[in-house]
Amino acid sequence: MWLVMCSTADVSALWAYQGLKQLGLAPLELVTAESLACASRWEHRLSSTNTGIASTRIRITLANGLVIDGSRVRGVLNRLYAPSETALQCAVPSERPYAQAEMLAFYLSWLHGMPGVVINRPTPIGLCGPWFHPSEWAVRAGRAGLKTPTFRQSARDDHRQDAIPAASEKFARHSVIAMRHEVFGIPVPQSVAKSCRRLVSDVGTEMLGIDLSFDARGEWQFASAVSSPDLRQGGLPLLQRLAQILMQGSAKGARS
Amino acid sequence: MILICGIPSETPLRMVIDRLKEIGADFVVFNQRKFADCDIWYEVEDGEVRGELRLGKHTYRLEDFTGVYPRLMDDRVLPELADEPEGSPLRNFCRSFHDTLVRWMEIAPARVINRCAPMASNSSKPYQAQLIREHGFLVPETLITNDPQLVREFRAQHGRVIYKSISAIRSIVQELSDSDEERLEFIRWCPTQFQAFVEGVNVRVHTVGGEVFPTAVDSDATDYRYAARQSGEAAELREVVLCDELKEKCLRLSAALGLEFAGIDLKITPEDEVYCFEVNPSPAFSYYEANVGQPISAAVARCLAGGVVFREEEAVLASR
Numbered sequence: 001m002w003l004v005m006c007s008t009a010d011v012s013a014l015w016a017y018q019g020l021k022q023l024g025l026a027p028l029e030l031v032t033a034e035s036l037a038c039a040s041r042w043e044h045r046l047s048s049t050n051t052g053i054a055s056t057r058i059r060i061t062l063a064n065g066l067v068i069d070g071s072r073v074r075g076v077l078n079r080l081y082a083p084s085e086t087a088l089q090c091a092v093p094s095e096r097p098y099a100q101a102e103m104l105a106f107y108l109s110w111l112h113g114m115p116g117v118v119i120n121r122p123t124p125i126g127l128c129g130p131w132f133h134p135s136e137w138a139v140r141a142g143r144a145g146l147k148t149p150t151f152r153q154s155a156r157d158d159h160r161q162d163a164i165p166a167a168s169e170k171f172a173r174h175s176v177i178a179m180r181h182e183v184f185g186i187p188v189p190q191s192v193a194k195s196c197r198r199l200v201s202d203v204g205t206e207m208l209g210i211d212l213s214f215d216a217r218g219e220w221q222f223a224s225a226v227s228s229p230d231l232r233q234g235g236l237p238l239l240q241r242l243a244q245i246l247m248q249g250s251a252k253g254a255r256s
Numbered sequence: 001m002i003l004i005c006g007i008p009s010e011t012p013l014r015m016v017i018d019r020l021k022e023i024g025a026d027f028v029v030f031n032q033r034k035f036a037d038c039d040i041w042y043e044v045e046d047g048e049v050r051g052e053l054r055l056g057k058h059t060y061r062l063e064d065f066t067g068v069y070p071r072l073m074d075d076r077v078l079p080e081l082a083d084e085p086e087g088s089p090l091r092n093f094c095r096s097f098h099d100t101l102v103r104w105m106e107i108a109p110a111r112v113i114n115r116c117a118p119m120a121s122n123s124s125k126p127y128q129a130q131l132i133r134e135h136g137f138l139v140p141e142t143l144i145t146n147d148p149q150l151v152r153e154f155r156a157q158h159g160r161v162i163y164k165s166i167s168a169i170r171s172i173v174q175e176l177s178d179s180d181e182e183r184l185e186f187i188r189w190c191p192t193q194f195q196a197f198v199e200g201v202n203v204r205v206h207t208v209g210g211e212v213f214p215t216a217v218d219s220d221a222t223d224y225r226y227a228a229r230q231s232g233e234a235a236e237l238r239e240v241v242l243c244d245e246l247k248e249k250c251l252r253l254s255a256a257l258g259l260e261f262a263g264i265d266l267k268i269t270p271e272d273e274v275y276c277f278e279v280n281p282s283p284a285f286s287y288y289e290a291n292v293g294q295p296i297s298a299a300v301a302r303c304l305a306g307g308v309v310f311r312e313e314e315a316v317l318a319s320r
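Those protein sequence lines, which keep their order, are chains R and D. Okay, so the first sequence: first residue is 1 according to our numbering, each after it adds one. Okay, so the second sequence: first residue is 1 according to our numbering, each after it adds one.
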């Protein structure tokens, strides 16, 4: 069994679900954040023994009767960025922040414990891959060899505004998707593609959407990165590679 | 130079400041309560980070800080803001100042004890337990569920069962009792974490800068932090010696989680099995130091004075 996990509003993930199905990935289930919020039964177990045997069990029964048994999952396209707020509405207002923290912590654990290949596996700073502050992306992109506009932050800034690299807004953005050792989307110079691959490797995740722009001299520069890009930008080549990776699975599949 | 951040009268911070004075280290303190008389900016250019921090009349180059020890309280509840309405200029400045400071710490090429990203593994106990397990420690049998019947079966299987929060939000660890049976139906609204009770001696192991400080905690309480309330008697602390292999395991675990300073909660069973419950990334070590006299604050000071280290990659990510 393969899963596409996403919000019902995630048009790009729904496109990928249809595309993966057409490419023959079966059985493939669409599991939305909203359906998880209404799951009738959750069972997540951890154990370990002196002989070094560790097991993680995940069994989710959705309201429509679909049972997601972790031991049968071979791969996941994970686009969940947060538990749906539907479930939190059951909590009294004063306990909502606690319920929210508990659900987020729970999702992080069971998603981490999913066997097989998970694109992207969750991290404590992002359920579908790391969500770094623009300053951290600037450091990492620079280290990966991408030219970056100067990023500046000060105590005089309005903290309510999203921080963005100052120079990047002036120029049109072009998006690529870096997945493992490949870059999909618009053609970019080899050196830029190499740096994008280095960035995804440095971050330690499977897939990143990387926005690029041209600086005043017409050179490619890093603008921003996200761990849940618009998959349509990668087109059919991305879908085909995604299907191949999900079919192959990974060593982690033996854990559950 | 070393930067200390927080409220200087807070015990752990005060102890580290005292030790830094004793070793003659070059350090400055950002007192959160004086934020209004401070300023900060930084910029990232070509992967390099530079900027300035003003504390009162003195301005420091951020590049000159080689060690940082943040123990920041929630800036939104600082006493200086008590009479400030939401959205006031002072409130906004305070938030922006702290956000800028913390963002800089995340990327500063300095020894930061600890950065936020590696600390985040503690935001989910069962997630962190999976990382802990990969480093050779036993973790308690754990069930997270919204099904009361599964909990009843789990209790029948293990006898004594405790329950506690999944997230980092502090909860008092409680033993599941017969009187909790009726309340079990409430878990249908939110999956809850249950664990098999592990018999044995609690041991808190502080690791910092390659040094290990193990403290045994003798208490009959389920959660020794609340021993007086739960068992009527305060917990008793004593220094213990761990074998080299276990010390090494603790150091490797802290390093793998990307933590310069950690408080590892172990339980050693009568059969000498070692269970690890969690790794605290911001340990309030003063309780242990005050009771047992272990020189933890001195080790923190030495670690801070140890010079520049480049950021270790978040081992949490790399361990996958």
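Each hint should be verified, as a subset may be incorrect.
What the hints assert, rightly or not - Partial chain R-side listing against chain D, Cβ under 8 Å, derived:
1) Arg41
2) Leu46
3) Cys90
4) Met103
5) Phe106
6) Ile125
7) Ala138
8) Thr150
9) Arg152
10) Glu182
11) Ile186
12) Pro237
13) Arg241
As the list claims (entries may be wrong) - Derived pair list, reagent style DMTMM-like, types lysine to aspartate or glutamate, alpha-carbon separation capped at 25 Å:
14) R:Lys147 - D:Glu106
15) R:Lys147 - D:Glu86
16) R:Lys194 - D:Glu45
17) D:Lys247 - D:Glu278
18) D:Lys249 - D:Glu199
19) D:Lys57 - D:Asp18
20) R:Lys147 - D:Glu48
21) D:Lys34 - R:Asp215
22) R:Lys147 - D:Glu43
23) R:Lys147 - D:Asp46
24) D:Lys267 - D:Glu245
25) D:Lys21 - D:Glu48
26) D:Lys57 - R:Asp158
27) D:Lys57 - D:Glu86
28) D:Lys34 - D:Asp46
29) R:Lys147 - D:Glu199
30) R:Lys147 - D:Glu45
31) D:Lys164 - R:Glu95
32) D:Lys267 - D:Asp223
33) D:Lys57 - R:Glu85
34) R:Lys147 - R:Asp211
35) D:Lys21 - D:Glu43
36) R:Lys194 - D:Asp46
37) D:Lys164 - R:Glu43
38) R:Lys21 - R:Glu34
39) D:Lys21 - D:Asp46
40) D:Lys249 - D:Glu233
Derived by calculation from the structure, the hints in this document are not laboratory data. Heads up, the beta-carbon is just placed ideally off N, CA and C, and yes, glycines get one too.
Consistency of the hints with the structure:
1. At about 5 Å, the closest approach between the beta carbon of Arg41 (chain R) and any beta carbon in chain D falls short of 8 Å, and the interface hint on this residue holds.
2. Interface restraint check for Leu46 (chain R): the shortest CB-CB distance to chain D comes to about 4 Å, inside 8 Å, so the restraint holds.
3. A cut of 8 Å between beta carbons decides the hint on Cys90 (chain R): the least distance to chain D is about 5 Å, and the hint holds.
4. With 8 Å as the threshold, the beta carbon of Met103 (chain R) comes within range of chain D, its nearest partner Cβ sitting at about 7 Å, so the hint holds.
5. Annotation: Phe106 (chain R) was flagged as interfacial toward chain D, and the flag holds, the nearest CB pair being 5 Å apart, inside 8 Å.
6. Nearest Cβ of chain D to the Cβ of Ile125 (chain R): about 6 Å, under the 8 Å cut. The hint holds.
7. Because the beta carbon of Ala138 (chain R) sits about 4 Å from the nearest beta carbon in chain D, less than 8 Å, this interface hint is met.
8. With a cut of 8 Å, the hint placing Thr150 (chain R) at the interface with chain D holds, because the nearest CB-to-CB distance is about 5 Å.
9. Of the supplied interface hints, the one on Arg152 (chain R) holds, with its beta-carbon coming within about 4 Å of a beta-carbon of chain D, less than 8 Å.
10. About 20 Å separates the beta-carbon of Glu182 (chain R) from the nearest beta-carbon of chain D, more than 8 Å, and the hint is not met.
11. Evaluation of the Ile186 (chain R) hint against chain D yields a violated restraint, the C-beta minimum of about 24 Å exceeding 8 Å.
12. For Pro237 (chain R), the shortest C-beta to C-beta distance to chain D is roughly 26 Å, which exceeds 8 Å, and the interface hint is violated.
13. For Arg241 (chain R), the interface hint is violated, since its Cβ never comes within 8 Å of a Cβ in chain D; the closest pair sits about 20 Å apart.
14. About 21 Å separates the Cα atoms of Lys147 (chain R) and Glu106 (chain D), which keeps this hinted pair within 25 Å; it holds.
15. Pair hint Lys147 (chain R) plus Glu86 (chain D) does not hold up; C-alpha atoms about 39 Å apart against a cutoff of 25 Å.
16. Pair hint Lys194 (chain R) plus Glu45 (chain D) holds up; C-alpha atoms about 20 Å apart against a cutoff of 25 Å.
17. Note on Lys247 (chain D) and Glu278 (chain D): the hinted pairing holds, with a Cα-Cα distance of about 16 Å set against a maximum of 25 Å.
18. Of the pairs offered as hints, the one joining Lys249 (chain D) and Glu199 (chain D) holds, with about 21 Å between alpha carbons and a cut-off of 25 Å not exceeded.
19. Proposed proximity of Lys57 (chain D) and Asp18 (chain D) is supported: the alpha carbons are some 23 Å apart, at most 25 Å.
20. Restraint check for Lys147 (chain R) and Glu48 (chain D): satisfied, since their Cα atoms lie roughly 12 Å apart, inside the 25 Å limit.
21. For the hint linking Lys34 (chain D) to Asp215 (chain R), the alpha-carbon distance of about 41 Å lies beyond 25 Å, and the restraint is violated.
22. Only pairs whose Cα atoms come within 25 Å are accepted, and Lys147 (chain R) paired with Glu43 (chain D) is accepted, the gap being roughly 15 Å.
23. Taking the CA atoms of Lys147 (chain R) and Asp46 (chain D), the gap is near 7 Å; set against the 25 Å cutoff, the hint holds.
24. For the hint pairing Lys267 (chain D) with Glu245 (chain D), the CA-to-CA distance comes to about 16 Å; that is within 25 Å, so the pair holds.
25. Straight-line distance between C-alpha atoms of Lys21 (chain D) and Glu48 (chain D) comes to about 31 Å, which puts the hinted pair past the 25 Å bound.
26. With a C-alpha separation of about 24 Å, the suggested pairing of Lys57 (chain D) with Asp158 (chain R) holds against the 25 Å cut-off.
27. Simply put, Lys57 (chain D) and Glu86 (chain D) have alpha-carbon atoms about 29 Å apart, too far for the 25 Å limit, and the pair is violated.
28. As the CA atoms of Lys34 (chain D) and Asp46 (chain D) are separated by approximately 33 Å, the hinted pair breaks the 25 Å bound.
29. In summary, the hint linking Lys147 (chain R) to Glu199 (chain D) is not supported, as the alpha carbons are separated by about 56 Å, beyond the 25 Å threshold.
30. Proposed proximity of Lys147 (chain R) and Glu45 (chain D) is supported: the alpha carbons are some 9 Å apart, at most 25 Å.
31. Note on Lys164 (chain D) and Glu95 (chain R): the hinted pairing holds, with a Cα-Cα distance of about 16 Å set against a maximum of 25 Å.
32. As the CA atoms of Lys267 (chain D) and Asp223 (chain D) are separated by approximately 12 Å, the hinted pair is consistent with the 25 Å bound.
33. Distance hint between Lys57 (chain D) and Glu85 (chain R) is unfulfilled; the C-alpha atoms sit about 47 Å from each other, more than 25 Å.
34. Taking the CA atoms of Lys147 (chain R) and Asp211 (chain R), the gap is about 12 Å. The hint holds against a cut of 25 Å.
35. Of the pairs offered as hints, the one joining Lys21 (chain D) and Glu43 (chain D) is violated, with about 31 Å between alpha carbons and a cut-off of 25 Å exceeded.
36. With a CA separation close to 17 Å, the supplied pair Lys194 (chain R) and Asp46 (chain D) stays within the 25 Å bound.
37. With a CA separation close to 16 Å, the supplied pair Lys164 (chain D) and Glu43 (chain R) stays within the 25 Å bound.
38. Using a Cα cut-off of 25 Å, the hinted pair Lys21 (chain R) and Glu34 (chain R) holds, with the two alpha carbons roughly 21 Å apart.
39. This hinted pair does not check out: Lys21 (chain D) and Asp46 (chain D) have alpha carbons roughly 36 Å apart, beyond 25 Å.
40. For the proposed pair Lys249 (chain D) and Glu233 (chain D), the alpha carbon gap of about 32 Å is over 25 Å, so the pair is violated.
Of the numbered hints stated above, those contradicted by the structure are hints 10, 11, 12, 13, 15, 21, 25, 27, 28, 29, 33, 35, 39 and 40, listed in ascending order.
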